[in-house]
Amino acid sequence: GAVVSQHPSWVICKSGTSVKIECRSLDFQATTMFWYRQFPKQSLMLMATSNEGSKATYEQGVEKDKFLINHASLTLSTLTVTSAHPEDSSFYICSASGQAEQYFGPGTRLTVT
Amino acid sequence: GEDVEQSLFLSVREGDSSVINCTYTDSSSTYLYWYKQEPGAGLQLLTYIFSNMDMKQDQRLTVLLNKKDKHLSLRIADTQTGDSAIYFCAESIDSSASKIIFGSGTRLSIRP
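Top line first, the protein sequences correspond to chains A and B.
For the first sequence, position 25 matches number 25 in this note's numbering, and the numbering has no gaps at all.
For the second sequence, position 87 matches number 87 in this note's numbering, and the numbering has no gaps at all.
Rather than coming from a laboratory, the hints here were simulated on the basis of the structure.
Remember, predicted model here, so these are calculated numbers, not experimental data.
Among the hints, erroneous ones may be present.
To be verified - In silico DSS-like pairs for lysine-lysine, Cα to Cα no more than 25 Å straight-line:
1) Lys-55/A / Lys-41/A
2) Lys-55/A / Lys-20/A
3) Lys-99/B / Lys-41/A
4) Lys-99/B / Lys-67/B
5) Lys-20/A / Lys-64/A
6) Lys-64/A / Lys-99/B
7) Lys-56/B / Lys-70/B
8) Lys-67/B / Lys-56/B
9) Lys-20/A / Lys-99/B
10) Lys-14/A / Lys-64/A
11) Lys-99/B / Lys-68/B
12) Lys-55/A / Lys-99/B
13) Lys-66/A / Lys-41/A
14) Lys-20/A / Lys-66/A
15) Lys-66/A / Lys-70/B
Stated by the list, open to error - Examples of chain B residues toward chain A, derived with CB under 10 Å:
16) Gln-6
17) Gln-44
18) Leu-45
19) Tyr-48
20) Lys-67
21) Gly-82
22) Ile-86
23) Ala-90
24) Ser-92
25) Ser-98
26) Ile-100
27) Ile-101
28) Phe-102
29) Gly-105
As the list claims (entries may be wrong) - Some chain A residues flagged as far from chain B (calculated, every beta-carbon gap over 10 Å):
30) Phe-28
31) Lys-64
32) Ser-73
33) Thr-82
34) Ser-83
35) His-85
36) Pro-86
37) Arg-109
Cβ coordinates follow ideal geometry from the N, Cα and C atoms, glycine included.
If we strip away everything but chain B, and leave its shape as in the complex, we get:
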């Protein structure tokens, strides 16, 4: 079945880059997403990438997709304290994005 896996924790020093990794199992995924969730809040869509793309960059965020290995990563450049949150990787196997499968989330903490 569909499965999305992430490491649970990541700690980085302020100003360094953060790289959050994700693997998924379904090769028919059409959209791959990164969501951010701050404590007690809903989900904020950070970025998404189509399965026919290898990379997408948006300001401090860079998404890399290795479709062969079913590996997705999110790089946050110049990590700030405001980036502390849980980051969810997610996939959609339906072209209309009607069903999204979420990973377990990676808790990013920032060290001064």
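Extracted from the complex, chain A is given alone in its bound form:
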């Protein structure tokens, strides 16, 4: 199946700093990518939908100025958590839309100290 990678796989940062997470579709072009957040023992919550060359669409309750999404090419979308706080600590998972299914990345664990 199609492969989606994320980088980094885990990151620890200090409160107040910004962290960028990359999501790449390795063997196909994805016009649409998605960013999810998963808190421990909970389900995935969609944060935003990222379309190549246009602004991301954020779900209700997700601050677009805090979670900056850039989808500059058909194979790369980035999520930047700005001014991170401990409550932003979570598992962030991206996916890329293929034909009739989404391919998920392995996730990035963010810990804000």
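Assemble chain B onto chain A, guided by the hints.
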């Protein structure tokens, strides 16, 4: 609104069959999915079924869909220790699968 519900835990004996159940609310769902998540890892698509199908079988996995009752199930035959994981039911109401709604996940544990 859209909602997908699952029981949180299931424990089965190794070698038995596991049946994980899921209910959803949106009758316009076009695709229904089962994903597997192992600890600390991303999601692995196990199988999916189109809403116009009743059943799909793939090796040890059998998916049953009761569209009238909006009920989806995943049966894992001959459950092994490697099947221990969280299983997420999910639905897509868009024909291009652009937005997926996930259930809360069922944690499957295997007893020796």
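Does the closest beta carbon of chain A sit nearer than 10 Å to the beta carbon of Phe-102/B? holds, 5 Å
Status of the Leu-45/B interface restraint (C-beta, 10 Å, chain A): Holds, because the Cβ-Cβ distance from Leu-45/B to chain A comes to roughly 6 Å (cut-off 10 Å).
Holds or violated: is the Cβ of Gln-6/B closer than 10 Å to a Cβ in chain A? For Gln-6/B, the interface hint holds, since the closest Cβ of chain A sits about 9 Å away, which is under 10 Å.
Given a cut of 10 Å on the nearest C-beta pair, is the interface hint for Ser-98/B held or broken against chain A? Check passed: Cβ of Ser-98/B comes within 6 Å of chain A, closer than 10 Å.
Taken at face value, is the distance from the CA of Lys-99/B to the CA of Lys-55/A at most 25 Å? holds, 17 Å
Quick one, are Lys-99/B and Lys-68/B close enough, alpha carbons at most 25 Å? Judged against 25 Å, a Cα distance of about 22 Å means the pair holds.
Should the interface hint for Gln-44/B be scored as holding, given a Cβ-Cβ cut-off of 10 Å against chain A? holds, 8 Å
Just want to verify: Thr-82/A was marked as not at the interface with chain B; is every Cβ pair farther apart than 10 Å? Label holds. Min Cβ-Cβ 24 Å, cutoff 10 Å.
25 Å limit on alpha-carbon distance, applied to hinted pair Lys-20/A and Lys-66/A: holds, 12 Å
Check whether the Cα positions of Lys-55/A and Lys-41/A lie no farther apart than 25 Å. violated, 31 Å
Can you verify the interface hint for Lys-67/B: is its Cβ closer than 10 Å to any Cβ in chain A? violated, 18 Å
Interface hint check: Ile-101/B, Cβ to nearest Cβ on chain A, cutoff 10 Å. Holds or violated? Holds, about 8 Å.
In summary, the numbered hints that this structure violates are 1, 15, 20, 21, 37.
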